[in-house]
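So the chains spell out like this:
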Amino acid sequence: MAQMLLKTPLHDRHIALGARMVPFAGWEMPVQYEGVIPEHLAVRTDCGVFDVSHMGELEVEGPRATTLLQATLSNDLDKIGPGQAQYTLLTNERGGIVDDLIVYRLGDFRYLLIVNAANRETDFRWLKEREVPGSDVRDVSDEYGLLAVQGPRAIERLGLPDASQFTFAEGEIDGIQCMVNRTGYTGERGCEILVMAEDAGVLWDRVLERGAVPCGLGARDTLRLEASLPLHGNDITPDTDAISAGLGWSCALDKEFSGAAELRELKARGPERKLVSFVMEEKAVPRQGMTIEGGGEVTSGTHSPLLDRGIGMGYVLADSAKPDTELTIDVRGKPRRARVVKRPIYKREE
Amino acid sequence: MAASESYPDDLNYHAEHDWARIEGDEAVLGITWFAQDALGELVHYEPPNEGDAIAKDSAYGEVESVKAVSDVIAPLSGEVLEVNAKVVEEPETVNDDPYGEGWLIRIRLSNATEVDSLLDVDAYKQVVAEA
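Same order as they appear, the protein sequences are chains A and B.
With our numbering, letter number 240 in the first sequence gets 263, and the count goes up by one each step, no holes.
With our numbering, letter number 117 in the second sequence gets 1082, and the count goes up by one each step, no holes.
It should be emphasised that the hints constitute simulated quantities derived from the structure, not laboratory data.
Since we're looking at a predicted model, the values are computed, not measured.
Certain hints may be false.
As the list claims (entries may be wrong) - List time: in silico DSSO-like cross-link candidates among lysine-lysine, alpha-carbon distance up to 30 Å:
1) A:Lys-370 with A:Lys-345
2) A:Lys-30 with A:Lys-102
3) A:Lys-278 with A:Lys-290
4) A:Lys-306 with A:Lys-290
5) A:Lys-278 with A:Lys-102
6) A:Lys-357 with B:Lys-1051
7) A:Lys-306 with B:Lys-1021
8) A:Lys-151 with A:Lys-30
9) A:Lys-278 with A:Lys-151
10) B:Lys-1090 with B:Lys-1021
11) B:Lys-1021 with A:Lys-357
12) A:Lys-306 with B:Lys-1051
What the hints assert, rightly or not - Away from chain B, derived, C-beta distances all over 12 Å, residues of chain A:
13) Val-54
14) Thr-90
15) Thr-245
Glycine included, every Cβ here is placed at the ideal spot set by N, Cα and C.
Whenever a hint applies, use it, and build me the whole structure from the sequences.
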């Protein structure tokens, strides 16, 4: 069945580079160019670039934009000023995670939300339905391309000044105007560059000329799992909550937002299950949906190119969530040993 | 370094992208260049045990890349004489050399007439072209 897949502004570039293209969240995206492992290692040792133009961008504006977002997002926007960004959750009335996203405070009355591709329409409708007079939500995703440039040498290769994580500024790379966000999804230093869709192709070319290795969704997944960063739809969903997922730090429980009361209660009571990162002790690759003995489930799993072992994330009973706890995972009928590890599995050297 | 596409003409092939090198009443089995390319870099090989009986057209092991796992289908029936320990330790050997150092198992044939049902290189290339 031919499914109509959306294409990013860089689609032709991916084809020209010989990328293997796959459907992802309604988009035709590169899963790999040279191979997942070399791409992964390029990001860990030098610099890689990902086309993440499929992600959604929502703009929220107006004198009461803050009121709207404070009531719908879990983190406290009063903690950030213009030029700063924040990891936050869009929560439902049960405290479930509608999406996880990064909010950029463009001004006192204006915000940019960069959201997961699969949730772009859900998030837009969610916020639109909750608009208050004096707030306006717009989906501006089609106007932009987004490039994630990540790795220990990413900033140097782009010729950018040093800056703190979770800040952003207007910038210019080889004459191309863009918004440079000091954020990412790999556990490395680097940035995510928002650029007008019509300039995305030239920016991509310039970034490759500066020595970044093109990387696909395959490496994006192995990198984020090594960094113990959850993926919405796998590890966190509308039916899971921030406390169980270990994302309580992104919830300002001293303010009111959708599901805040439920999360406070859950925190006081203690969650039944917790999301953990684990490393396989035996040769095996854990996969989403595999059972963890004693009432748990793998939500993401892969092979870690850095450790050369299987790694993953999953929910386990709270008393099995402590680092060093041994787990048994059912790998297609074979019991395989794993060990809970402190998050993140991989932490870069400062 | 990944090998470039090739299908040696001294091998027998199975449409599930496996090859067999017949050596008297024994055979060495592996997966084709096409199979390893479709999977990407292999990171895990789950072999059968030596002494196991394997049956033509049934799975005898698993190969796994970062993104996907795939059964390995037996092109012939027989008893497992040897598992390639190098591939267990370094599964990427299959990507580097699918017909040489990347062989998976050696078996003793239990039904030599099955060899006649396998594809020759031209027939297999036709399978690949239509894949």
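We went through each hint and held it up to the structure:
{"no.": "1", "hint": "A:Lys-370 with A:Lys-345", "in the structure": "holds (19 Å)"}
{"no.": "2", "hint": "A:Lys-30 with A:Lys-102", "in the structure": "violated (36 Å)"}
{"no.": "3", "hint": "A:Lys-278 with A:Lys-290", "in the structure": "holds (15 Å)"}
{"no.": "4", "hint": "A:Lys-306 with A:Lys-290", "in the structure": "violated (36 Å)"}
{"no.": "5", "hint": "A:Lys-278 with A:Lys-102", "in the structure": "holds (12 Å)"}
{"no.": "6", "hint": "A:Lys-357 with B:Lys-1051", "in the structure": "holds (22 Å)"}
{"no.": "7", "hint": "A:Lys-306 with B:Lys-1021", "in the structure": "holds (27 Å)"}
{"no.": "8", "hint": "A:Lys-151 with A:Lys-30", "in the structure": "holds (25 Å)"}
{"no.": "9", "hint": "A:Lys-278 with A:Lys-151", "in the structure": "holds (21 Å)"}
{"no.": "10", "hint": "B:Lys-1090 with B:Lys-1021", "in the structure": "holds (21 Å)"}
{"no.": "11", "hint": "B:Lys-1021 with A:Lys-357", "in the structure": "holds (23 Å)"}
{"no.": "12", "hint": "A:Lys-306 with B:Lys-1051", "in the structure": "holds (14 Å)"}
{"no.": "13", "hint": "Val-54", "in the structure": "violated (7 Å)"}
{"no.": "14", "hint": "Thr-90", "in the structure": "holds (43 Å)"}
{"no.": "15", "hint": "Thr-245", "in the structure": "violated (6 Å)"}
The structure is inconsistent with the numbered hints 2, 4, 13, 15, although it conforms to all the rest.
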